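Student: Chain residues, written in single-letter form:
There are 2 protein chains.
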Amino acid sequence: QVGILDVDLCGPSIPRMFRVQNNDVHQCDSGWVPVFVDQDKSISLMSIGFLLEKPDDAVVWRGPKKNALIKQFVDDVAWGDLDFLIVDTPPGTSDEHISTVEALRPYKPLGAILVTTPQAVSVGDVRRELTFCKKTGLQVLGIVENMSGFVCPHCSECTNIFSKGGGEELAKHAGVTFLGCVPLDPQLSQSLEEGRDFIQEFPKSSAFPALARIAQQILDSTSQQSS
Amino acid sequence: QVGILDVDLCGPSIPRMFRVQNNDVHQCDSGWVPVFVDQDKSISLMSIGFLLEKPDDAVVWRGPKKNALIKQFVDDVAWGDLDFLIVDTPPGTSDEHISTVEALRPYKPLGAILVTTPQAVSVGDVRRELTFCKKTGLQVLGIVENMSGFVCPHCSECTNIFSKGGGEELAKHAGVTFLGCVPLDPQLSQSLEEGRDFIQEFPKSSAFPALARIAQQILDSTSQQSS
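Protein chains in written order, with the working numbering: chain H, 3 to 229; chain Y, 3 to 229.
Rather than coming from a laboratory, the hints here were simulated on the basis of the structure.
One should not assume that every hint holds.
What the hints assert, rightly or not - Below are the DSS-like pairs computed for lysine-lysine, each with C-alpha atoms no more than 30 Å apart in a straight line:
hint, chain 1, residue 1, chain 2, residue 2
1, Y, K136, H, K137
2, Y, K206, H, K110
3, Y, K67, H, K136
4, H, K136, Y, K56
5, H, K67, Y, K137
6, Y, K73, H, K174
7, H, K166, Y, K206
8, H, K56, Y, K136
9, H, K56, Y, K174
10, Y, K110, H, K166
11, Y, K166, H, K67
12, H, K137, Y, K56
13, Y, K206, H, K56
14, Y, K110, H, K67
15, Y, K136, H, K206
16, Y, K73, H, K137
17, H, K56, Y, K166
18, Y, K73, H, K73
Note that the structure is predicted; figures quoted are calculated from it, not measured.
Working from the sequences, and respecting the hints, build out all of it.
Tutor: Encoded structure:
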């Protein structure tokens with residue numbers, strides 16, 4: 003049982019990636035019922051995307067209003083018995099991040115996974131996020147380098163469009179685990195775009211083993227922690 | 003004379019793109035002196051990046067503190083006599099955006115340029131930003147589609163890594179100007195990465211005519227407005 007909480011209140015993109023953007027959230031006695039994204043009801047999702055009347059509605063909210071909703075998303079959603087709660091944040095170290103860390107503190111979060119792209123400007127942002135984790139006492143489970151190299155489907159040559167290796171270097175420098183690189187992959191973009199199951203449809207894609215390896219490492223490190 | 007104001011307080015990347023990240027901001031009688039990025043002193047830049055002691059310092063600030071600094075950046079910086087002030091915001095429709103629009107209102111801003119990538123999730127974010135502009139009475143100068151197609155330097159075949167055409171479609175749908183597409187270009191990334199002058203170093207790059215065309219359209223539309 004996995005819960006996914008999308009705290010990107012101005013740009014909620016997770017509902018579309020699971021093709022459930024037209025679903026509604028209902029109330030029950032124990033709070034809001036999250037949206038289940040699969041038939042087995044093993045993955046539940048909560049996002050402000052489900053609360054907007056129209057998909058174009060802009061969430062023109064200052065911080066305090068955001069903070070209140072994030073607290074509700076953690077405490078007033080009927081998450082049930084979860085093995086993991088995955089929280090997707092926007093970039094930065096501001097209201098969404100401070101509120102999420104505060105709201106989750108009683109539940110002892112396992113840690114943070116920091117995602118960068120290979121360029122120095124993005125690595126710079128993640129360096130600041132490392133400082134944020136240290137300040138707030140949140141363990142860093144590791145760093146992922148996304149958009150890392152592009153293999154041309156026509157000639158199979160790899161081009162590092164956004165440079166390469168920034169994530170791994172940063173992980174070494176900061177003494178945290180480097181979880182791996184995810185290459186730029188049109189099939190992965192297309193799956194996310196159309197809300198399709200990437201693993202089932204493109205098992206031979208180059209991004210697939212990369213993602214599987216990252217997931218396995220996270221599972222290994224969290225099972226050590228919780229045992 | 004052009005001023006650039008970087009209001010991405012948690013991820014200030016503009017100083018590095020101009021290779022001036024190690025500069026300091028000084029005080030004069032009329033306020034903070036911005037950093038000049040060229041010898042002619044025709045481009046001045048203000049960013050929280052210049053105010054941090056160490057580049058890894060995280061700006062762990064909630065909204066109200068951000069709002070106060072953005073007001074100062076607009077009113078207490080000795081910008082001098084500018085032809086244009088360009089404000090770079092993070093994604094979203096929150097504190098940074100509300101405060102910027104409020105602080106600039108007395109100066110009658112010419113409008114907003116919305117940048118999307120081609121995928122539906124990014125286009126969705128920009129639809130919400132269009133709603134924000136309408137609500138706050140900010141004119142939309144146009145939409146740019148960034149990361150639009152990648153031409154392999156080995157075989158010259160183009161791959162639309164992140165799909166294609168989302169920006170143009172949205173512009174049509176919303177009845178605003180489509181300013182053009184900027185392709186994924188390793189030379190452009192490299193220039194931004196190393197703070198080098200892209201126009202001088204790679205005049206034959208495919209991104210160059212795309213950027214020049216967009217800039218010309220913006221100049222044309224703003225000169226009509228101000229005349």
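Student: Does each hint hold? Answer for all of them.
Tutor: Hints, one by one, checked against the model:
1. Y:K136 to H:K137: Cα-Cα ~39 Å, so violated.
2. Y:K206 to H:K110: violated (54 Å)
3. Y:K67 to H:K136: Within the cut-off at roughly 21 Å; holds.
4. H:K136 to Y:K56: Holds, because 15 Å separates the two Cα atoms, which is no more than 30 Å.
5. H:K67 to Y:K137: holds (18 Å)
6. Y:K73 to H:K174: violated (39 Å)
7. H:K166 to Y:K206: Roughly 24 Å separates the two Cα atoms, so the pair holds.
8. H:K56 to Y:K136: Answer holds: K56 (chain H) to K136 (chain Y) is near 15 Å, not above 30 Å.
9. H:K56 to Y:K174: Holds - the C-alpha atoms of K174 (chain Y) and K56 (chain H) are around 19 Å apart, at most 30 Å.
10. Y:K110 to H:K166: Roughly 42 Å separates the two Cα atoms, so the pair is violated.
11. Y:K166 to H:K67: violated (35 Å)
12. H:K137 to Y:K56: holds (15 Å)
13. Y:K206 to H:K56: violated (44 Å)
14. Y:K110 to H:K67: It holds: about 28 Å lies between the C-alpha atoms, which stays within 30 Å.
15. Y:K136 to H:K206: Violated, because 45 Å separates the two Cα atoms, which is more than 30 Å.
16. Y:K73 to H:K137: holds (27 Å)
17. H:K56 to Y:K166: Answer holds: K56 (chain H) to K166 (chain Y) is near 24 Å, not above 30 Å.
18. Y:K73 to H:K73: Holds - the C-alpha atoms of K73 (chain H) and K73 (chain Y) are around 29 Å apart, at most 30 Å.
Checked against the numbered hints above, the structure violates hints 1, 2, 6, 10, 11, 13 and 15; every other hint is satisfied.
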